[in-house]
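Enquirer: Protein chains in written order, with this note's numbering: chain A, 1 to 110; chain B, 1 to 268.
Honestly, the hints are just simulated from the structure, not real lab data. Predicted model only: the values in this text are computed from it and were never measured. Do not take every clue at face value.
As the list claims (entries may be wrong) - Computed list of chain A residues with no C-beta within reach of chain B, every gap over 12 Å:
#1 E2
#2 N4
#3 E8
#4 R29
#5 G39
#6 G56
#7 I57
#8 A58
#9 S59
#10 E62
#11 L72
#12 Q73
#13 T90
#14 R91
#15 Y99
#16 Q107
To be verified - Using 20 Å as the maximum straight-line C-alpha spacing, the simulated DMTMM-like pairs for lysine to aspartate or glutamate come out as follows:
#17 K121(B) / E30(A)
#18 K87(B) / D53(A)
#19 K193(B) / E30(A)
#20 K84(B) / D21(A)
#21 K6(A) / E30(A)
#22 K37(A) / E8(A)
#23 K108(A) / D97(A)
#24 K31(A) / D32(B)
#25 K121(B) / E8(A)
Even for Gly, the Cβ is constructed at its ideal location relative to N, Cα and C.
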Amino acid sequence: MECNVKSEFGYDLLELSGEVDLQFSPQLREKILGSLKTGNPLLIDLAKVSYIDSSGIASLVEGFQTAKTSKLQYGLLNISNTAMQVLTLTRLDKIFDLYSSIDQFKQKLQ
Amino acid sequence: MTGNTQTDTAITIRNLVVDYGPRRILNDINLDIPSGQIMVIMGQSGAGKSTLLRCILGLKKPTSGSIHMLGTDIATASQKEIYKARKQIGVAFQGGALFSSMTVGENIELPLREHTNLDEKTIQIMSRIKLDMVNMLDAEHLMVAELSGGMAKRAALARAIIMDPKLLFFDEPSAGLDPSTAAELDQLIITLKISLGMTIVVVTHELDSIFKIADHIAVMKDGNIVETGTPQQISASTNPEIQGLLNRKPRETIVDTDAHLRRLTGGF
Ligand SMILES: Nc1ncnc2c1ncn2[C@@H]1O[C@H](COP(=O)(O)OP(=O)(O)OP(=O)(O)O)[C@@H](O)[C@H]1O
Ligand SMILES: [Mg+2]
C-alpha cells in the first residue's frame, strides 16, 4: 500500500494505491486522522486501490465520522467496482460522499 | 495428473485416506474445489463430510494423501504453517461454538483481538460492519444465551468472516432453521461469494438450500465421493444412491401397516 497526503488549495488530497489490508490499514487510519487534524477538507483518491478489506473500510468510516464532528467535507474519489460492492453490501454507499472527479468535490467546497 | 494446484482451484485434494483406529473413514478422496465458487458437500449421515472438513482445516491429520490450499499442503504442514493458513479461513461449524460468557459483539471481535494489533475503534467498526451484513446490528450487546437459533447462526457467520477470509467453511448452516431464516442465510452466502469473491464450502442436507446456492456438488457415501457435478448434472444423475438422497423415492414403503403400528406402539 502507498498512501500520500498532498496539500491542495483549500483541501487535502490523499492518494491511496495497492492493497489496503490488516497490515496497512493502521497506516491509512493515521494519515486520515492526521490530515483531518489540520482542519482541512479531505478527498481520498482510491483509483489505484487494487484491494481494500474491511479494516480499510473501517478506517474510511472512522475518518468520515471524525470529519463530520469537525464539520469538514470528506469525500471518496474514483472508487473501484470491487470496493463499491463491499460498500453496497454494508450500505455504506449511501453514507459516504462519493465523487468521480476532483472538480465535483471542489464545487462542494464553495 | 500432477496434483499441482491450478490457478482457478482453491483447494486440491488427492488420494486422501483417513482412519480412526482400525476403521477407514475416508477412502481415497480426490476433489478440486474451484476458486470464488460455492461447493456443496452432501451425503448421508456418517458419510464422512465433517471428517473431510476437519482434514481441510488441519484439525485432523490424514493417514495419507495431500490437501493443497493457499500454497500449503495441509496434510503434511507443521502446526505453525496450518496456523498461518487458518488466518485466511473462516469457519462456522455445526453447533456455532460462540462463547456464552460473552456478548455477540465480543465474540465477533475476538479473532481481531487475537490476531491483529488494530486500533480499538477500527475493531469496533469492523465488527459492526459484519453484524450489519448478517442483519444483527441491534444484537451487538446481547449475550449469546439470549439469541435464537437463527441469530446464533448469523452471529457465527459474522465471526467467521470478520477477518475477510479467502475461504469460508460451513457445516450445516441452515439445519434447524425455519424456512425463511434458512433462505435468508442462503442469500447471505451467495452475496459473500459475489461481493467478496470468497470460495465457500458448505456441508448440508437441506435440498432447497443445495440447489439454491451450489455451483458444484460433491456427493459422499461411506467415505467416498461417488459423484461430482453442477446441480443440473447431479439432479439428472441416474445413480440410485443420489436419487435416494434427492428424496426421489421414499426411504421405505410401509407394506404391513399392522406390523408398523405394532412397532411404533410396542405391544399394547
Ligand atoms: N473422533 C472420531 N473417532 C472415531 N470415529 C469418528 C470420529 N469422528 C467421526 N468418526 C466416524 O467417522 C464417520 C464419519 O463421520 P462424520 O462426522 O465425518 O460424518 P458426517 O458425514 O459429517 O455425518 P453427519 O451428516 O451426521 O454430520 C462416522 O462413522 C463416525 O462414527
Ligand atoms: Mg457432520
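Enquirer: Determine for every hint whether it applies to the structure shown.
Expert: Do the hints match the structure? See the list:
1. E2: Non-interface label stands for E2(A): nearest chain B Cβ at 20 Å, farther than 12 Å.
2. N4: holds (21 Å)
3. E8: E8(A) is indeed farther than 12 Å from all Cβ atoms of chain B, at 27 Å.
4. R29: The claim is violated: R29(A) sits with its nearest Cβ about 6 Å from chain B, within 12 Å.
5. G39: holds (21 Å)
6. G56: At roughly 9 Å from the nearest Cβ of chain B, G56(A) sits no farther out than 12 Å, so the non-interface label is violated.
7. I57: violated (7 Å)
8. A58: violated (4 Å)
9. S59: violated (6 Å)
10. E62: Non-interface label on E62(A) violated, nearest chain B Cβ at 6 Å vs cutoff 12 Å.
11. L72: Holds: least Cβ distance 18 Å, greater than 12 Å.
12. Q73: holds (21 Å)
13. T90: violated (5 Å)
14. R91: violated (7 Å)
15. Y99: holds (22 Å)
16. Q107: At about 29 Å from chain B, Q107(A) clears the 12 Å cut-off, so the statement holds.
17. K121(B) / E30(A): holds (12 Å)
18. K87(B) / D53(A): holds (14 Å)
19. K193(B) / E30(A): Not satisfied, since the Cα-Cα distance of roughly 31 Å exceeds 20 Å.
20. K84(B) / D21(A): holds (16 Å)
21. K6(A) / E30(A): With Cα atoms ~15 Å apart, K6(A) and E30(A) stay inside 20 Å; holds.
22. K37(A) / E8(A): Holds, at roughly 16 Å.
23. K108(A) / D97(A): Answer holds: K108(A) to D97(A) is near 10 Å, not above 20 Å.
24. K31(A) / D32(B): Measuring from Cα to Cα gives roughly 43 Å; hence the hint is violated.
25. K121(B) / E8(A): violated (29 Å)
Hint compliance for this structure: hints 4, 6, 7, 8, 9, 10, 13, 14, 19, 24 and 25 are broken, all remaining hints hold.
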